[in-house]
Amino acid sequence: MILSIENLHASYGGSLILQGVDLSVRRGEIKALMGRNGMGKTTLLKAVMGLVPPRSGRIVFDGRPIHGMDTHRIAACGIGYVPQGREVFDDFTVMENLRLGVLRNPRGRRDIPPEIFDYFPILDKRRHQRAGSFSGGEQQMLAIARALAARPRLLLLDEPSEGIQPSIVDQIAATLKAISARTGLTILVVEQNVDMILELAATCAFMEGGRVVQACDVDELRADESIMACHMSV
Amino acid sequence: MWDIGIQLLHSLNYILVLVLVAMGLVIIFGLMRVINMAHGEFFLLGAYTVVLTSQRGLGFWPGLVLAPVIVGLVGMVIEWAVIRHLYHRLLDSILATWGISIAIKQLIIIFFGPAGLMIKPPLPQSVHILGLVYPVYRLFIMGVSVAVIALTFYLFQRTDFGLGARAVIANRDMAAALGINTRRMNRVTFTFGSALAGLAGAVMAPLMSCDPQMGLGFFIPAFLSILVGGAGALSGVLVGGAVVGGGDSLISFLFSPVTAQIVVFSLAIVLIRIRPQGLVGGRRHE
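Protein sequences, first through last, are from chains A and B. According to the numbering used here, the stretch in the first sequence is residues 801 to 1034, in order. According to the numbering used here, the stretch in the second sequence is residues 16 to 301, in order.
By construction, these hints were calculated from the structure, which means they are not laboratory data. All values reported here derive from a predicted model rather than from experimental measurement. Take the hints with a grain of salt, since some may be wrong.
To be verified - Pair ranges (Cβ atoms, derived):
id	chain 1	residue 1	chain 2	residue 2	range
1	A	Arg951	B	Arg198	22 to 32 Å
2	A	Gly936	B	Ile144	52 to 62 Å
3	B	Ile284	A	Gly963	33 to 43 Å
4	B	Arg104	A	Gly963	54 to 64 Å
5	A	Gly963	B	Arg290	29 to 39 Å
6	B	Ser281	A	Pro906	46 to 56 Å
7	A	Gly936	B	Leu222	32 to 42 Å
8	B	Arg198	A	Arg855	18 to 28 Å
9	A	Pro906	B	Val92	24 to 34 Å
10	A	Gly984	B	Asp175	28 to 38 Å
11	A	Gly936	B	Gly114	23 to 33 Å
12	A	Arg827	B	Leu170	54 to 64 Å
To be verified - Computed from the model, here is a short list of chain B residues facing chain A with C-beta under 8 Å:
id	residue
13	Leu178
14	Ala182
15	Met189
16	Leu193
17	Gly194
18	Ile195
19	Asn196
Cβ coordinates follow ideal geometry from the N, Cα and C atoms, glycine included.
Chain A extracted, bound-state conformation (with noise of 0.2 Å):
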């Protein structure tokens, strides 16, 4: 297991909105991490990175305990994270957004990996251009590249899809897997978009109330559309 989070609990906005989640994430593997609104998904990652304290359970990242860790030392033992909304830095060029993304290394090893713009072909040819001029979908793939500068052995991803045309979304979810495949990133997803998660994906979990109430392959998510209805629909 690359990350292991065990009896996860976390308050936010003084409510609890973890209480108690267990989740486990093979090396390799792309996860996605499913439910309605307001179950704790976005927490969850949150919690991951730092942003949120845990009150209490442990997180476990490559066998060393990170809950109560500082944030910039998560990033630091190989997380990347690609929030909600994409929050990349509109003032800044795409340069500079990616040079964000190796700025911890130390002075000499900040180069960003050439393969970045392999990947996202269309970051290459706006390298000086602001970010905040940036389309939703094309902002997503920055965000996402910006993480992967940094050379994460996981990738945390939430709601990738959000406002973003049906292609770029198809076009992401294509990218990704090549990138895992190639490389055996790990990515865990918080994730609406069905079609995405079934393009993507190999495993899901299921939030309700705070906690991860089932886990399956989404072979089975294909094979049984009841799990999805049961989870997903209002």
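Take the given structure of chain A and dock chain B to it, following the hints.
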């Protein structure tokens, strides 16, 4: 005509030093959302560093070099001991830094007394420029200020450190998630901002009577400069400093210092009403 020429140079001189003070204040505010009420006293400490070296017979120049170092260290200690516990608590940080400012002033009174102290002018000569006779020391101040302002801009706009600092200013959580140590960034920037105020105090010391209240005379216009220019971008300080500093010194010369204060304050209020984000408005992520 001659008087106007001299006065314009004096105004430029004042504006540049004001920008030094305001730049430290705005960097600290931008990064930490802390309004440092003790910033004027960092200026004061810079000036008294020069007073001390002059009294001890070392003269002005060692004091000028020591001032930013000593005041930077004082800033670092204050950040560690007080400020870092008060992030996200704007009112508490205002009260705490106000308390620090009073404590620094009283310490200065204990060690140097309440009276104004003068130091020997380090460069008493004058030169002829553009048909005017102007003190060399004031030209020196302008040169140092321009160099340090340019260096600060370079640091924040062109280096990796500056990129990280601007990222923390724009979106602290995201910067941390990218691996930037935001606490260290706070400490380094607070130290740097304090050092700028210390340097400004040191260069101004020979032109002023150094007394324990001198910091306020720079803190208030520096604060106004930020309100007028905007706290979003570093360049706002240049515009704000030019409007407030230039307006204040020219109107003081043409009319009276009291008129100048009334006009500058009124202008600031009107500008803030029309453009709350400042003349050079920058956006930030909340």
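Against the structure, the hints come out as follows:
no. : hint                            : result
1   : A:Arg951 / B:Arg198: 22 to 32 Å : holds (24 Å)
2   : A:Gly936 / B:Ile144: 52 to 62 Å : holds (57 Å)
3   : B:Ile284 / A:Gly963: 33 to 43 Å : holds (41 Å)
4   : B:Arg104 / A:Gly963: 54 to 64 Å : violated (35 Å)
5   : A:Gly963 / B:Arg290: 29 to 39 Å : holds (31 Å)
6   : B:Ser281 / A:Pro906: 46 to 56 Å : holds (53 Å)
7   : A:Gly936 / B:Leu222: 32 to 42 Å : violated (55 Å)
8   : B:Arg198 / A:Arg855: 18 to 28 Å : holds (22 Å)
9   : A:Pro906 / B:Val92: 24 to 34 Å  : holds (28 Å)
10  : A:Gly984 / B:Asp175: 28 to 38 Å : holds (29 Å)
11  : A:Gly936 / B:Gly114: 23 to 33 Å : violated (47 Å)
12  : A:Arg827 / B:Leu170: 54 to 64 Å : violated (41 Å)
13  : Leu178                          : holds (6 Å)
14  : Ala182                          : holds (5 Å)
15  : Met189                          : holds (5 Å)
16  : Leu193                          : holds (5 Å)
17  : Gly194                          : holds (3 Å)
18  : Ile195                          : holds (6 Å)
19  : Asn196                          : holds (5 Å)
Hint compliance for this structure: hints 4, 7, 11, 12 are not met, and every other hint is.
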